[in-house]
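Full structure from sequences and hints, please.
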Amino acid sequence: MLVIRPLQETDLEDLYAMAQKAGKGLTTLPADRDLLQRKIAHAQQTFNQRCAPEAGLYLFALEDTEVGKAVGISGIQARVGLDEVFYNYRLSVTVNASKELGVHVRTPTLHLSNDMTDTSEICSLLLSDDYHGGGNGLLLSRCRFMYLDEFRKHFSEKVFAEMRGVSDEQGLSPLWDALGSKFFDMEFTQADMLSGLGNKSFIAELMPKYPIYLPMLPDSARAVIGRVHGNTAPALKMLQAEGFNFNGMVDIFDGGPVVEAFVNTIRTVRDSINRHAMIAKKTINLDVPASERVMVSNRSFRNYRVTTVPASCISTDTVSLPPAVAEALQIESGDPVRLAPLKERPKAAVHALG
Amino acid sequence: MWLVRPALPSDVNQILEIAGTVDSETARLSSTLPRQREALAEKIQHSQASLAGTTSGDSQPPRMLFVLEDTATGRIHGTAGIDARAGNGQPFYNYRRDALIHASHELGISSRVDVLYPSHGLTDHTLLCSFSITPELRNTDAFELLSRARILFMAGHRDWFTHRVAVEIQGVQLADGKVPFWDSLGRHFFNMDFDTADQHSGLLSKTFIAELMPPNPVYVTLLSESAQAALGQPHELTVSNLELLQREGFQAGCYLDIFDGGPVLEARTDALHTLVISQPKTLHGAIESEVESAGENGGDLCLIAAGEGAGFRCTLAKAAGTLEGTLKVPVKVWEVLEKTAGDEVRVAPC
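Line by line, the protein sequences give chains A and B.
End of the first sequence = 354 in the working numbering, gap-free, step of one.
End of the second sequence = 350 in the working numbering, gap-free, step of one.
Quick caveat, the hints were computed from the structure, so don't treat them as lab data.
Take these hints with a grain of salt, some might be off.
[Claimed, not checked] Output of the computed footprint for chain A on chain B, the stretches with three or more beta carbons under 8 Å from beta carbons of chain A:
1) 100 to 108
2) 111 to 120
3) 184 to 192
4) 227 to 234
[To be verified] Taking lysine-lysine pairs in the DSBU-like style, the calculated list, with each CA pair at most 35 Å apart, reads:
5) B/Lys206 - A/Lys182
6) A/Lys99 - A/Lys153
7) A/Lys209 - B/Lys178
All values reported here derive from a predicted model rather than from experimental measurement.
Ideal placement from N, C-alpha and C gives every residue a C-beta, glycine not left out.
See the structure below:
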């Protein structure tokens with residue numbers, strides 16, 4: 001069974017292996033043991049409420065209970081830009097017009113911005129290659145929305161995600177080559193790594209502060225602004241289905257888009273329902289397609305657990321759970337649980353039953 | 001003889017010829033000299049009003065236009081102007097080239113970043129402008145006369161002008177007419193080619209610049225390579241002009257032309273070479289033969305200027321001093337200057 005639970009110390013090696021395999025695309029999870037260890041410790045403190053709510057880093061592991069291994073990770077950062085400065089470019093328009101000459105020119109312009117400061121970010125999604133498909137990625141991503149919904153006062157009203165921008169097989173980014181590299185005498189991958197390692201103050205010190213007029217950049221760089229890397233396209237699609245939209249901000253290095261949504265409008269949040277758990281005596285066939293399954297969470301802040309069950313388990317006031325699922329969620333009969341569809345389709349099913 | 005005098009409405013045709021057709025080499029070299037009859041006539045009219053002292057205070061500061069005339073033929077061979085206040089009561093636009101150091105202590109990186117800031121810093125400085133001369137006279141005494149006569153005018157009318165004086169030097173333009181700096185920057189915002197913008201600049205109020213110029217500083221490193229190479233570089237045809245101005249004490253500072261990236265030279269008015277070495281003298285009342293011989297026996301080639309306002313004349317002649325401190329010049333110089341024995345002139349060695 002695949003279960004979402006808080007990331008813990010014992011996940012370090014699994015996490016390190018995943019980060020190593022993921023390569024250079026994942027800025028927030030570099031393959032660096034010390035750093036990963038610090039992140040795990042930070043997450044543990046967060047779940048145990050031993051750090052300030054705004055400093056919280058909520059990291060969840062997807063565990064395959066049969067092999068006792070973490071096979072995926074996803075996270076929420078409670079607030080960005082509070083001790084470090086959080087940078088984006090805002091893609092906006094400068095209009096120059098002269099009535100006298102009949103000239104009206106729109107110039108797309110990048111403005112350096114800290115607008116995402118104090119906003120919650122969903123981040124660090126990584127799924128082991130062997131577990132792709134079957135809705136595992138959806139579970140890993142969407143369990144976070146249920147958590148955001150459950151504990152809203154710990155997060156901002158709006159959440160966002162930074163999507164990986166365009167780079168080629170060698171890790172070269174057209175925007176970086178045309179812009180960043182003119183100001184930072186280093187390769188994109190190196191800058192990205194430094195940024196991921198937390199050496200972010202260098203960005204403030206070296207970045208151009210004045211607006212960048214896009215017509216001054218080569219076509220190759222302009223073309224990737226606000227565009228995602230091919231590998232990230234499915235993740236973007238998934239977030240768009242949840243109601244996330246491009247908010248006009250892009251990554252300062254690779255031009256990848258920032259997408260955002262208000263928590264109360266996220267589809268998973270809107271489609272969530274509460275039920276009481278009822279441990280089923282008869283056996284339930286758990287092996288149904290992702291489209292017929294729903295996420296079920298134990299609603300716990302400290303020991304948040306989510307797994308999936310067939311939508312057919314839901315009844316008017318209760319949801320029937322096999323003992324194994326109840327054990328995985330660490331609940332007993334009568335405990336409140338929260339349910340949300342794993343895929344778009346069961347939405348109708350949930351409501352029909354609810 | 002060569003004579004520099006204020007432009008007159010009757011000079012319009014000849015000036016248009018110099019300012020000229022598109023093919024003319026001189027045509028590109030002065031954006032402040034209009035190529036349209038009406039605009040030119042207006043400029044001459046304003047110059048006349050300025051010289052007569054009938055322009056109205058701050059909103060219409062004096063702007064003078066002078067011409068270089070061959071007195072033998074009456075033909076005009078060049079023009080030179082002075083705007084008493086750059087911008088003429090409106091903002092005067094330049095880029096100021098400046099630098100920022102982007103340094104990261106943590107990474108041990110320190111790099112110099114060049115930035116072009118939109119600037120009005122030269123507004124109200126005195127501006128030498130509208131310089132044009134027929135190509136065959138370039139690098140001749142007449143060329144020097146035309147340029148330096150303005151400084152003698154300033155010396156004789158010092159309180160019309162401010163303490164700082166500037167000259168915009170035309171920037172790099174390629175043989176095919178392309179201006180690399182414009183193509184890399186201005187074109188994106190003005191949505192027009194360089195020549196069109198340049199003409200507008202000579203003709204229209206500067207409002208269009210305020211409206212269309214990029215409002216924020218521009219990083220030099222994002223300009224095209226050819227545009228970066230052109231920054232602060234003079235057009236090759238202006239080199240002799242540039243050298244002459246440098247001898248006069250002008251130096252390139254941090255200002256650049258907003259259209260072609262050409263250099264702007266600056267100087268302190270009171271330190272201008274011609275102004276410093278020029279002296280007021282009285283014309284010697286010698287009989288003609290004596291004067292003629294004085295001229296022929298050497299004496300030094302000098303710039304000699306006389307007259308106020310619309311009466312300003314400046315010519316080039318051999319002159320010799322006398323023991324009484326007066327100045328002996330050939331009588332034909334008297335005629336050209338419209339002065340006679342005992343009148344005051346201002347003289348500067350050539």
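* To do: Would you pick out the hints that fail for this structure and give their numbers low to high?
  => The structure conflicts with hints 4 and 6, although it agrees with all the remaining ones.
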